[in-house]
Amino acid sequence: MTESAHLVCTFGDNALMQQLVGPHNANLLRLEERLGVVLRNRGNTIIIEGAASAAAKAQTALRHLYGRLERGQPVEKGDVDGSARMAASEPQSTPEVAIRTRKRHIVPRSPGQRAYFEALATHDLVVALGPAGTGKTYLAVAQAVAMKLTGEVDRIILSRPAVEAGERLGFLPGDMREKVDPYLRPLYDALFDMLPGDTVTKLLASGEIEVAPLAFMRGRTLANSFIILDEAQNTTPVQMKMFLTRLGEHARMVVTGDLTQIDLPRGVKSGLADALDVLDGLSGVAKIAFTARDVVRHDLVTRIVEAYDAREARRRADGGPLEE
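Anchor point for the sequence shown: position 241 equals 235 in my numbering, and the numbering is continuous, going up by one each time.
It is worth saying that the hints were derived from the structure and are not from the lab.
Backbone N, C-alpha and C fix where the C-beta goes; we use that ideal spot for every residue, glycine too.
A few of these clues could be false.
Straight-line alpha carbon distances no greater than 25 Å define the calculated BS3-like cross-link-like pairs of lysine-lysine that follow [unchecked claim]:
{"no.": "1", "residue 1": "K97", "residue 2": "K71"}
{"no.": "2", "residue 1": "K263", "residue 2": "K281"}
{"no.": "3", "residue 1": "K196", "residue 2": "K97"}
{"no.": "4", "residue 1": "K235", "residue 2": "K263"}
{"no.": "5", "residue 1": "K281", "residue 2": "K235"}
Computed Cβ-Cβ distance ranges for the label pairs, DEER-style [claimed, not checked]:
{"no.": "6", "residue 1": "E112", "residue 2": "A311", "range": "33 to 39 Å"}
{"no.": "7", "residue 1": "P180", "residue 2": "D274", "range": "24 to 30 Å"}
{"no.": "8", "residue 1": "A307", "residue 2": "C3", "range": "38 to 44 Å"}
{"no.": "9", "residue 1": "R214", "residue 2": "E300", "range": "23 to 29 Å"}
Put together the whole structure using the sequences plus the hints.
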């Protein structure tokens, strides 16, 4: 028989308590659904009822969310989901890891993200694989900004292959920045989410932050820098080797990509897939493989990713052609 529990969580600030439970107890209802418990709000306390293990996880999630509010951070739907996901997957004594920037105090929202946080903090080269919505690029940019703010690196260099233009940008209208900005916009978006707009503008103007297409990396040695290559599945093996060998002294490098979203011409091998073979077992390299369980966007995105994965698994089992 499953042991049941009746836990009482008391919180000191009534104003924060209102934000914790959410409008019409929406946050509590969301935690109930995800953790399989019953939550009752009475004054400045929340009573938790359910299986002992589930109740303990709900208590951990509530305390984590209240801690966010005490730090002046909002509690939104994604934060509730992330706290539930983390509480459900980790020992209750696991210490919090976080990335702090001028505008954000970022904590992991899934077990995969936690492993990624730890790899970003400890390895010179991190390769992150997985579907959209898992935070691969966003968290790498956050770590880069955090290390720039503490002086651990002097520069941040963000790059993507402009594969849609075949890395031949001359035929596009406008000056060089206007030509490449559409391909690099997600990187700019992440920067502006971490730092005040005027700070980003100043760092871009001074060259302390550089956002450039992959073709601009050739022939350089990047020391004292945090270097990120996004959408790396769209590199060729030659481009990937070129990029990886740019790593200089006192530098960090992160490579992110999704091997199910390759836009290269038919028959051209992905440089990311090739690098995974070359780097396998190499000291100083961490590989993080995200799955649909790590998607932290809308719930439907997780289900969409799982549906695509299931279809590809059926095709493999039947010996049919895979999606390109």
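Here's how the hints hold up against the structure:
Of the pairs offered as hints, the one joining K97 and K71 holds, with about 19 Å between alpha carbons and a cut-off of 25 Å not exceeded. A C-alpha spacing of about 20 Å is found between K263 and K281, which places the hinted pair at or below 25 Å, so the restraint holds. Distance check on the hinted pair: K196 and K97 sit about 16 Å apart at the alpha-carbon level, within 25 Å; holds. Between K235 and K263 the CA atoms are separated by roughly 13 Å; this keeps the pair inside 25 Å, and the hint holds.
Distance restraint check for K281 and K235: the Cα-Cα separation of roughly 17 Å lies within the 25 Å cut-off, and the hinted pair is therefore satisfied. About 34 Å separates the C-beta atoms of E112 and A311, a value consistent with the hinted range of 33 to 39 Å. The hinted window of 24 to 30 Å between P180 and D274 holds, with their beta carbons roughly 28 Å apart. Against the hinted window of 38 to 44 Å, the Cβ-Cβ separation of A307 and C3 comes to about 41 Å, which satisfies the hint.
A hinted range of 23 to 29 Å for the beta carbons of R214 and E300 is inconsistent with their spacing of about 40 Å.
In terms of the numbered hints stated before, the structure departs from hint 9 and from no other.
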